[in-house]
Structures are given as C-alpha cells and as structure tokens.
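J.: Generate the whole structure from the sequences, applying the supplied hints.
If you want the building blocks of each chain, they are given just below.
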Amino acid sequence: MNAPVINPFSLQGKTILVTGASSGLGQHIAIRCAQRGARLVITGRDKARLQATYDQLQGESHVQVQADLTMAEDRDLLVQSVNALDGLVHCAGMQKHCPVRQLSEQLMNDIYRVNFLAPVMLTQSLLQANAIAQQGSILFMLSTAAHIGTRGLGPYSAMKSGLIGIIKCLALEQAKRKIRVNGISPSAIATPMWDVHQQLLEEQKARHPLGLGTPDDVANGAIYLLSDASRWVTGTSLVMDGGAVI
Amino acid sequence: MSVAQDPFSLSGKRVLVTGASSGIGRQIAITCSQMGAQLVITGRNTERLEATATALHGEGHTAIPADLSQQQGLDLLADQAGALNGVVHAAGISKLVPFRLISKSHLDEIFDSNTYAPLLLTKGLLARKRIASNGSILFISALSSHSGAMATSAYAASKSALLGAMRSLALEVAKQGMRANCIAPGYVRTPMLDGLGQGGGNMDALFDLTPLGMGDPEDVAYASVFYLSDASRWVTRNYFILDGGLSTPMDIYA
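Protein sequence lines correspond, in order, to chains W and P. According to numbering that gives the first Met the number 0, the first sequence holds residues 0 to 245 in order. According to numbering that gives the first Met the number 0, the second sequence holds residues 0 to 253 in order.
One or more of the hints may lead you astray.
As the list claims (entries may be wrong) - Here are the simulated distance ranges between beta carbons: (1) Tyr252/P <-> Gly210/W: 48 to 58 angstroms; (2) Leu170/P <-> Leu106/W: 28 to 38 angstroms; (3) Val62/W <-> Leu170/P: 24 to 34 angstroms; (4) Ala47/W <-> Ala148/P: 54 to 64 angstroms; (5) Gln101/W <-> Ala253/P: 32 to 42 angstroms; (6) Ser132/P <-> Thr149/W: 30 to 40 angstroms; (7) Asn108/W <-> Gly194/P: 48 to 58 angstroms.
Simulated from the structure, these hints should not be mistaken for lab results. Beta carbons: idealized from backbone N, C-alpha and C, even for Gly.
T.: Dropping the structure here:
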C-alpha cells in the first residue's frame, strides 16, 4: 500500500479565475492558488495593483484582465478571454457602514451592483459561454455578515445573504454537470477593506476565541473548496471565524 | 510545494481515529496516513482493526482495540493513546426504529456509542493532557441530526447532541489553542448504510435525492484532513455540512 499518492488538495492543472484580485483576499487567494500549481486568470479594476498581483504569481501562463465587473461590456471582455475554468472565486466586494435609517438609494445601488449583481451576472455569462468545466468549483466570497446581524451592516449583509440564495439554487441547477457551488464566510480579517474601520476591527478581536484570522487562513479554506478534495461539497458555505460562531 | 510547508499536510502530527475498523473511520485513518500522519486507531473488532492497520501508509502506527461504550474501554484508550495532535470521533452506530418502538435500552445503546463515547473519550484525553496545544478535535455528526429521516429519532438526537457539546467544548479549549469542530455528512457508501438497507430502509430513493449522488468515505476523509491540518487553524466551533447537496433544497433550520 505504498503507491504514490496524489495530493487531493493540489490545484495542479486547474485554471482558476479570481475576481477582486488587485487587493485583499482576492489577491492573496490568487497568489496561494498559483503556489499550489493552478493557472490563474485574475481581474480587478486597478491596473497597477492588478499588475502587482500578477507579478507575484508563481509559474507560467497566467492571465490578467483589467475590468470593472459592474459593467456588462467589461464582463463580456473577461468572458472572452477565458475558457474551461476549473474554478471561479468571486472576491470582488465592497463594504460600507451605514445604519438602515440613513440609507440612500444610491448607496444601496452601489452595494448591490458590486457585491451581488456583478458576481451573479459574471457567473451567468460564464455558464452561457460554457466556460466552466465539468466538476468545476464556483466559490462566492461571503462573510459571516451573511449569517448574522451586525449594526450598521444592513446593505452588505443583505447582499451577502442574497448570494446564499444564488448558491443554493445554482448548486441544484449545476449538479448534473458535477459543478459545485459554495460560499466561504470569513469574519473580520485585517485587509484593506477594513482600513477605514480600524476601531471596529479592534472591537471584533474581542469576540473571537482564536483571535482575528489572516488572509492565509481564508486562502486555505478556498483551496479546500476549489480542490478535488471537496468534490462532494455543494450548496453550502464554510464559516471561518475563529470560533465567534454564527 | 514541498510536503513540509504544505498547510494541508499532516506530517509530524499524531492522530487518533475511533471507529477505524470500518466505513468512514477506516477511510479517515488511511487518508490521514497518506497525508503523513502517524495514526492511533481504535475499534471494537480486533480483526478488522488489524486489517485497517495493514492498509495504513508509512510506519509507527498503533492499533488499540477498545469498546468505547464501556468506561473500561475509554480508560484503556485514553491511557494508551499517547500524545496527540488530532482526534477524530468517527465511531457510531445506527438502527432504524420507529418512534413508537423506542425504549430506554435502545436510546441508551445509541447514545452510549454516538454521544457519550466521543464526549467521555475527549474528557479522558483532556484530563490526561494527551492533546497538544493547537490540537484539533473533530466529531463526525450526521446531516440527519437536522433532517431527521423516518425511524431515526434516537440516531438523529444522538448526533445533534454533538453540535451543542462541540460548541461549548471549543470555547473551553480555545485558550490552549485547541479547536473543536463537527462534520455532518449526508449519505455515504458505508457498511453502516448497507445495514440500514437490509433493515428495511429504502436507500436507493435516498441516494437519488442527493444532487451529486452518494458520497464516498474518501469525501469525508478529505474534509477531515482539512479540519485536522493547519490549513484550518482559524476554524473552530464550526458545523460543516458535507452532503453532495442533499440539504440544499431543505430548510433544515426551520
């Protein structure tokens, strides 16, 4: 029984598209996936920062596509530059702190377009173009905010829990092609998204039995859900919260 | 990427797996050994436990036959297990019994194996300081703890009890950096499931319900590797559903 073992957590030979790859979790996930052998297609709005991510990708033949995924023409451009994806990670997102009584329609629309409309419509375009391979893995970056109430986070929470609905329905629709659809729900990770909320981040620390997580922790969760090790996991979300618990 | 720096590797970790003589426990032990772990395996059936031991990759594994429904078996295992970095509670039993036929002895039998054994074994290991700081404790629960199929009241109750216990345990051991989590698998191809089929359960209909088809023990084993490895070092008090989409069209929290 000492035959060579194939590591079920390898991403060797897989092509993975990561959105929001110009910073934060998206950037980190792209870098880690490349280290595990994946070929990456990375996208983001900021050209210089996307290039900076691209320069950190190990291995050959990665692709970068500058795009604003809230724009239909940019999504089309991105879809045209990929085929046969084995993995898709929706990391592009935006968080704004705003109590419900102070909401504006503009803010709701902004949050909706970035966090919900863009990932859903990009997924639709990729499926229409048959750009997601059989047994592929689609991963939506959620947040524990998708599962719990947080003061001032109504719009963001709503979009992330809205994605849970998409995850469950799409998981059923795509099961016949063995395409898996899941979410990953981290709580507070120190990323640039939190830069303007330093005090809130400090408050978050106190409610985590294992302290705050790192982008590496989330990348490892994403790697599990992208690899063949999770071939039977669909329609669910992996909560990563250092024990804070939903 | 070398094995040494791979966060998914179990190299250098010593992992105890209960119920290792068959089914999910057996596969978890084998897969953990393939990922570099040194195993301590336990089960009631000495012969089948030995068969699992010979299927393990690498050297230095230990097999300790024990009946964990008895205090004697729990003590024996906790005494002999040695230092551990991970524990997987995979031992479990199931019997189809309609609610109107359940009895104290049926409930005792199911709870002894599925609930009390994992909790008391964990207690015994913690009391003897067998689990290293940063160790990972993993309970194999079951989707039916939520979904409650026909004639599984005792089984469902015994498995859902693990969730609450795990949440509380994980809080208590967090300061030592230890983690505790539950995996809740749906229908997986195992001898236990074959037994239910022979007991009158219509298993084929259940497999058809699973969008990705029936699971293999490997699928639970891979998830276990994730929860045992440093890749999940920030995951604790977590309840992970692993069911090929079975629960996706169900409101299991209703």
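J.: Determine for every hint whether it applies to the structure shown.
T.: Taking the hints in turn, this is what the structure says about them:
Look at tyrosine 252/P against glycine 210/W: about 28 angstroms separates their beta carbons, and that is not inside 48 to 58 angstroms. Leucine 170/P and leucine 106/W have their C-beta atoms about 37 angstroms apart, which keeps the hinted 28 to 38 angstroms range intact. Between valine 62/W and leucine 170/P the C-beta distance comes to about 45 angstroms, which lies outside the given range of 24 to 34 angstroms. The beta-carbon spacing between alanine 47/W and alanine 148/P, approximately 56 angstroms, falls within the hinted interval of 54 to 64 angstroms.
Checking the proposed 32 to 42 angstroms range against glutamine 101/W and alanine 253/P shows it holds: the Cβ atoms sit about 33 angstroms from each other. For serine 132/P and threonine 149/W, the Cβ-Cβ distance of about 31 angstroms falls inside the hinted range of 30 to 40 angstroms, so the restraint holds. Look at asparagine 108/W against glycine 194/P: about 56 angstroms separates their beta carbons, and that is inside 48 to 58 angstroms.
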